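Participant: Spelled out from the first residue to the last, the chains are:
Protein chains: 2
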Amino acid sequence: MKLSVRLMDITSRGVLLNRADARFMGVLDGDRVQVINESRGIAVPAVVDTTSSLINQGTIGIYRLTNDRLMVADDDTIEVREAPPPASIAHIKKKMDGMRLNKAEMLEVISDVVNEDLSPMELTAFVTASYINELDMDEIEHLTRAMVETGDQLHFSSHPIVDKHSIGGVPGNKISLLIVPIIASTGLKIPKTSSRAITGAGGTADLMEVIAPVEFSASEVQQMTEKVGGTIVWGGATNIAPADDRIILVEYPFKIDARGQMLASVMAKKAAVGADLVVIDIPVGENTKVTTAQEGRKLARDFIELGERLGMNVQCALTYGESPVGHSIGPNLEVKEALAVLEGAREPNSLVQKSVSIAGIALEMAGKAARGAGADLAQDLLSSGKALETMKAIIEVQGGDPAVTSADILPGDHSFDVHAPETGYVINLNNRALITIARAAGAPSDNGAGIYLHAKKGSRVQKGDPIFTIYAEKGWRLEKAIEVGRRLMPVVVEGMLLDRIPSEHWA
Amino acid sequence: MKLSVRLMDITSRGVLLNRADARFMGVLDGDRVQVINESRGIAVPAVVDTTSSLINQGTIGIYRLTNDRLMVADDDTIEVREAPPPASIAHIKKKMDGMRLNKAEMLEVISDVVNEDLSPMELTAFVTASYINELDMDEIEHLTRAMVETGDQLHFSSHPIVDKHSIGGVPGNKISLLIVPIIASTGLKIPKTSSRAITGAGGTADLMEVIAPVEFSASEVQQMTEKVGGTIVWGGATNIAPADDRIILVEYPFKIDARGQMLASVMAKKAAVGADLVVIDIPVGENTKVTTAQEGRKLARDFIELGERLGMNVQCALTYGESPVGHSIGPNLEVKEALAVLEGAREPNSLVQKSVSIAGIALEMAGKAARGAGADLAQDLLSSGKALETMKAIIEVQGGDPAVTSADILPGDHSFDVHAPETGYVINLNNRALITIARAAGAPSDNGAGIYLHAKKGSRVQKGDPIFTIYAEKGWRLEKAIEVGRRLMPVVVEGMLLDRIPSEHWA
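Each protein sequence line maps, in turn, to chains A and B. Throughout the first sequence, residue numbering follows this note's numbering, covering 1 to 507 in sequence. Throughout the second sequence, residue numbering follows this note's numbering, covering 1 to 507 in sequence.
Check the hints yourself; a few may be wrong.
Identical copies go unnamed one by one, so any copy, or any two together, can satisfy a pair.
[Unchecked claim] Calculated pairs, EDC-like style, for lysine to aspartate or glutamate (alpha carbon to alpha carbon, straight line, at most 16 Å):
1) Lys-227 <-> Glu-479
2) Lys-480 <-> Glu-82
3) Lys-463 <-> Glu-134
4) Lys-474 <-> Asp-380
5) Lys-227 <-> Glu-79
6) Lys-2 <-> Glu-134
7) Lys-2 <-> Glu-473
8) Lys-255 <-> Asp-97
It should be emphasised that the hints constitute simulated quantities derived from the structure, not laboratory data. From a predicted model like this one, the values you see are computed outputs, not experimental measurements.
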């Protein structure tokens, strides 16, 4: 059926049909049609909404995200047809029925994800089925390759290319802001793509964005890396393994992190940037993603095996994940702390030690240091100011101000100190609760929001000492964060009566 | 945040925010907000779209399906808040992790489904998880009770109430149009709610709609049943077990029919109308939902057990499902055939025999006939015209024309005969292929579309005899159905060379 275009400024996917046209075509609300821009040869699937007044008969409303692909203009004539279900529906059903998907089937599913030929509901069924009927290593390899092939890839002329990844779950894990410049300062290339926080208080991309733009295409990432040795960009803007972002979005409400999809998600991004040497940071501890060392070792073996299948040398570091890295949680606070270390601060010890350990492993893998000497080299590169110099080059090449210093970066104006209810030792810091409070305060979208920890696990505190400070940009968000904090009690001081009314602990 | 309402004529759920307001609230496209009509005390969750031009700052666009619940008017002021995730998300995650849901958890999930507090993606995860990690009988009972409790229920003052259900998969299964009037003509009450076709060529509700309106509230169904003994209405309009329609919609793309959900779906509707005596028709055969008698017996035991738990006496009939019931497929053709039998036609045998057998079981259960004498009584009620008289009363009470006869109902104007390519016996009729052709011809939305079978399984045909006729209301749909038919070859005549070019079989 030929219809005349009316572009609609609705940031959504879909098309709006007049009810009479929909009835004539035999499609109902929620059905899928194919809209075809014949002059450009572009066909896009879209879900139908109907109206009896907003759009006249003979006209079709096109929502913004659909037109991002369709690229038509007002009053263009386009062809609209009932759309057949995509072939990958059958493969998803197969996975639901407990069977294995082969390489071609997995590629078809992931291509349909990338082309948005699968509805969010259909993608959810795939993700749920792959979570319950766990992918085996062959399927994980197929999935990883499919994610790589359906996106952009970097091709460097000289090697090795280094990369690192933290599997997350620990707040304040700003180590990439140190590791990338340390590695790049030796002449090695590290085109790091990172994520924005979904459930966290700040992903590496959210942090870097405080001091420089982070949205670049894959070829820009390659050019910048060739020039200054490294980048710290948002992977979501690069079209590298684009299927992954869509899958993560579907996992989000359930906070599931299916093993197979997590392995594929991480390794597809490493393979797509052409990495040869990869260090994976696996934080282990209560309230992180991996709770026991045994589980961590199993995951490490899986990463190493998948790396071998894809031609990458992978080493993993099981790290202490029971309390935050450094003292700060939230974009500005974390960037301030990381810049201070690059500028020569020797504290916080947890941040410095973790960063040089992981950078050290990569330097050893690349042959820049002898086995066992990598961390010392990394520390030298920090102390000598070489890493800072490289970080300034990275900031500049990404379009930020290289003159920025830690003193320039400030937390939000609204703050609230939480005091120790008793004298004693800090025996527990609940990572998830800290993240929830930081998010309630506005992190990561409000850069100035977050938490500064004055006392960490094992510290001795006197009754009335500040244990941590909550920062926010907006007063009402601070109020909300305080309320959340009263409920969650993220810090436990030994001797504290757990059955007291929580509000009493917040004097 | 307070915003001013602008109603938008888009048949969809959701709200449209100006991008500046969305940013201020910290919500992104696709996030969930709660919109609150404070004067009426109604809070509705809604998914956010954003715009920079279609809606001004300070204004919120409300789509039609959201306003069906919110009930606000243009320029009303409403409160909009970030919405917390519904509690049932945790229960769905639990099911994904292979655990059992208790009664309270299942009720919470189903309440959230009915209140649309779960997104379609979240509901998909629940359905997929319950399909893979099969529900046990306790969970099925909880699910059934939850479906009943979250919808309207009928409460008749006198009993027994009879009901029947066919689990589907066989084309042309118009038996309810005979069974309901047969039962009701004895003074028993049978408030039958039926479905529209989702994957079929015509559900009972689609058929009945040819001769009478089928959309009524639960209390109207009760009143009509009290008056004339029975109804044949569309369950989707009644708000009886409304969760079920939403679940079925999610299952649709994958054609899954999870055992637990199917049992709950059928039995919730029977429990909600207050049925005491239920007959379940389980068609068995290749290309139906149940392919072996063993599988059919297992399903029958499950229906009987679930019935016992819910206080209903259930009997099941395993029926022949390898070829269509009667000769006709598609709304008008099926109604014409059923009315002709009510008017006294003794043919088609398959339709008459199946209808009187199943009606007979119900009559025996209700004590209207001795064991073994039910089918004869049913046949008498048909032959004597009593069933026809009751059918006319049902048509009239639902608002149709009781004077309608089989001669008044005609198929579409466009038709195409398919001829036997060889002389021989019809050795196979492919149910799914016949349905696909009927749907391609326009069934069930075009009432006149469908298939009339001249020869059934086992019939002797001469080369060149018409085997079946395709009917359509629109020429282009007929063309499409012919094309689909050439590809699928739904009828196999013994001796036919299967490797000939299919188009040669369609002279």
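Participant: For each hint, tell me whether it holds in the structure or not.
Facilitator: Taking the hints in turn, this is what the structure says about them:
no.	hint	in the structure
1	Lys-227 <-> Glu-479	neither (46 Å within a copy, 62 Å between copies)
2	Lys-480 <-> Glu-82	between (48 Å within a copy, 13 Å between copies)
3	Lys-463 <-> Glu-134	neither (49 Å within a copy, 54 Å between copies)
4	Lys-474 <-> Asp-380	neither (41 Å within a copy, 80 Å between copies)
5	Lys-227 <-> Glu-79	neither (47 Å within a copy, 51 Å between copies)
6	Lys-2 <-> Glu-134	neither (45 Å within a copy, 46 Å between copies)
7	Lys-2 <-> Glu-473	neither (51 Å within a copy, 21 Å between copies)
8	Lys-255 <-> Asp-97	between (23 Å within a copy, 12 Å between copies)
In terms of the numbered hints stated before, the structure departs from hints 1, 3, 4, 5, 6 and 7, listed from lowest to highest.
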